[in-house]
Amino acid sequence: MTTVSRNETLSISEEIDVVMARNKVRLFAKEAGLGLVDETKLITAASELTRNMLLYANGGTISIEHVSVAETAGVRIRFEDCGPGIVDLALAMTDGYSSNNGLGLGLPGARRLVDEFQINTKKGEGTVIVVTKWKR
Amino acid sequence: MSFERIPILTMGEFLLVTIQGEMHDTLATTLQRELTARVATQGARGVLLDISGLSMVDSFMGRMVSTIASITRMMDAETVVVGMQPAVAITLVEMGLTLPGVLTAMNVERGMELLRGRLGFAREDSNDYGESERDAIDF
Amino acid sequence: MSDHSKETKPTGGQSQNGTNEEFYECLLNGLSDLAIYMLSPTGVVQTWSKGAQEIKQYEASEIIGANFSRFYNKYDQERNLPAFELEQAARTGKFEGAGWRVRKDGSQVWVEVVVAPLKSPTGELKGFVKVARDATEKKKTAELLERQQKDLIELSTPVMSLWQGILALPIVGTLDSTRSQIVTERLLHGLTSSGCTVAIIDISGVPTVDTVVAQHLMKTVAAARLMGADCIISGIRPEIAQTMVHLGIDLSNVRTKSSMARALEEAMALVNVRVVPIGPKTAASRGYDR
Chain C
1 MTTVSRNETL SISEEIDVVM ARNKVRLFAK EAGLGLVDET KLITAASELT RNMLLYANGG
61 TISIEHVSVA ETAGVRIRFE DCGPGIVDLA LAMTDGYSSN NGLGLGLPGA RRLVDEFQIN
121 TKKGEGTVIV VTKWKR
Chain S
1001 MSFERIPILT MGEFLLVTIQ GEMHDTLATT LQRELTARVA TQGARGVLLD ISGLSMVDSF
1061 MGRMVSTIAS ITRMMDAETV VVGMQPAVAI TLVEMGLTLP GVLTAMNVER GMELLRGRLG
1121 FAREDSNDYG ESERDAIDF
Chain L
2001 MSDHSKETKP TGGQSQNGTN EEFYECLLNG LSDLAIYMLS PTGVVQTWSK GAQEIKQYEA
2061 SEIIGANFSR FYNKYDQERN LPAFELEQAA RTGKFEGAGW RVRKDGSQVW VEVVVAPLKS
2121 PTGELKGFVK VARDATEKKK TAELLERQQK DLIELSTPVM SLWQGILALP IVGTLDSTRS
2181 QIVTERLLHG LTSSGCTVAI IDISGVPTVD TVVAQHLMKT VAAARLMGAD CIISGIRPEI
2241 AQTMVHLGID LSNVRTKSSM ARALEEAMAL VNVRVVPIGP KTAASRGYDR
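Protein chains in written order, with my numbering: chain C, 1 to 136; chain S, 1001 to 1139; chain L, 2001 to 2290.
The reader is advised that the hints may include incorrect statements.
[What the hints assert, rightly or not] A short, non-exhaustive set of chain S residues, derived as facing chain L with CB atoms under 7 Å:
#, residue
1, ILE1051
2, PRO1086
3, ALA1089
4, VAL1093
5, GLY1101
6, THR1104
7, MET1106
No wet-lab data here; the hints were simulated from the structure. All residues carry an ideal CB built from backbone N, CA and C; glycine is no exception.
Could you put the whole structure together from the sequences, leaning on the hints where they help?
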């Protein structure tokens, strides 16, 4: 059973919000007791996914929460946008693919940095991505 | 915003850029533009990009670093990325961003040595502290 | 328990029911290391056994009629664990779990619990039976073991300075995912704190190298390179080299050496150091040659 204790929601609409999101995630990671490497991985994943929201969906919302299962604590982040959705999800999750002139590491890269990664996307309606990082 | 620019220092033939605190995308793009302009106007032979103050580097910043290295190399100046934190290095590798072709060094001194070596200055500049220390060991 | 058999022996005059009750009561109170008690559908304690008293310290008169959630710590109460256990048991027919509970005097006890629903023949929920066992010792032993294992990993992965600017990291034992992460982190932090620019990772003490292990090693090398350090992997035994080639593991981008000595030679070259004999051969070295 997973329990949620504290959570916070941020709205993302401009570039500087990416910095704010990173700082908030850092705070939650520290509170959950994640090690420095795991903290850095989670912040980096959040940075990637937040920027994606700005680039492809003109922004959205992020909610960050503390979660725990039995004795293990973790941080869960939900990225929600009302953008065009991802047309070819399998392609977007492939290493090296980018529709915006990047290195194509956004989605697959972020997935490798977290312990759990769920994505739900609907063409024309938006995308919801939920990632979780557990304390080791 | 109070941090619109990242200072670029001149050190002889090289340029030193120390990135600290929060990096955001516009800042990264500005740096890339200003740095390449400085390499051109000063005819710099190398660039030291000190990122020891960065606690995270995502794919956007990683890409910026790669781009700076490629552009300066075309202009005959090598770029050395200096002082990357262990957690940052582990994260970049996990993402698959290994920055192939980009020179790296543990600190600014090492980065200078590397650049000098590349330019063939290593032997000429023997009164440098780092070099003389080395000569003492290498009988 | 000498009178146990006497009491349970069926006697002609008594009803079968009465005997059963006595039998169960005896059984419940005889099992003093198990807390066995009944709960109402909402979790109110209905019965109390001797074992329950032993483990939780409450007397039957103090606890019957109270909600069982008082055995839980504040954290578990806040996350609604008591209600979750009952809900799960009612829905699936059983709840099993383990956790820290609070005794009457406030001390902690680690219990393993089973909760089963009691249902009438028509399927109506009448309550629950809860069986809990004090497993504090077991838990403490497990924790100790875990801690020792962690210590062992730390101890079996020393980062040592071999020469000015050169670090060595001999790995002994199996490299799994968790340990690889620890090894990588220790090595990279070792590099930053010592200012060394070359690291030798010796894998002669690693029994097998499969694709996963090789991948971890390559990631470590890549991360060290990003920091500006060079890595040399040494101690690649013939059978390991063969396995790696068979598995199609490409280490061509990684400096590899068969022995630590060879690796050290290369490491010294990387930090611009050369070892030369100091003059004519000494008696000792001649002796060594023969």
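Verification of the supplied hints:
1. Against a cut-off of 7 Å between C-beta atoms, the interface hint on S:ILE1051 is violated, since the closest Cβ of chain L lies about 10 Å away.
2. Because the closest C-beta pair between S:PRO1086 and chain L is about 3 Å apart, less than 7 Å, the hint holds.
3. Hint status for S:ALA1089 relative to chain L: holds, with the closest Cβ pair at about 4 Å, below 7 Å.
4. Taken as an interface hint, S:VAL1093 checks out: its beta carbon lies about 5 Å from the nearest beta carbon of chain L, inside 7 Å.
5. Hint status for S:GLY1101 relative to chain L: violated, with the closest Cβ pair at about 11 Å, above 7 Å.
6. Interface hint status for S:THR1104: upheld, as the beta-carbon distance to the closest one in chain L is roughly 4 Å, under 7 Å.
7. With 7 Å as the threshold, the beta carbon of S:MET1106 comes within range of chain L, its nearest partner Cβ sitting at about 4 Å, so the hint holds.
Violated hints for the displayed structure, listed by number in ascending order: 1, 5.
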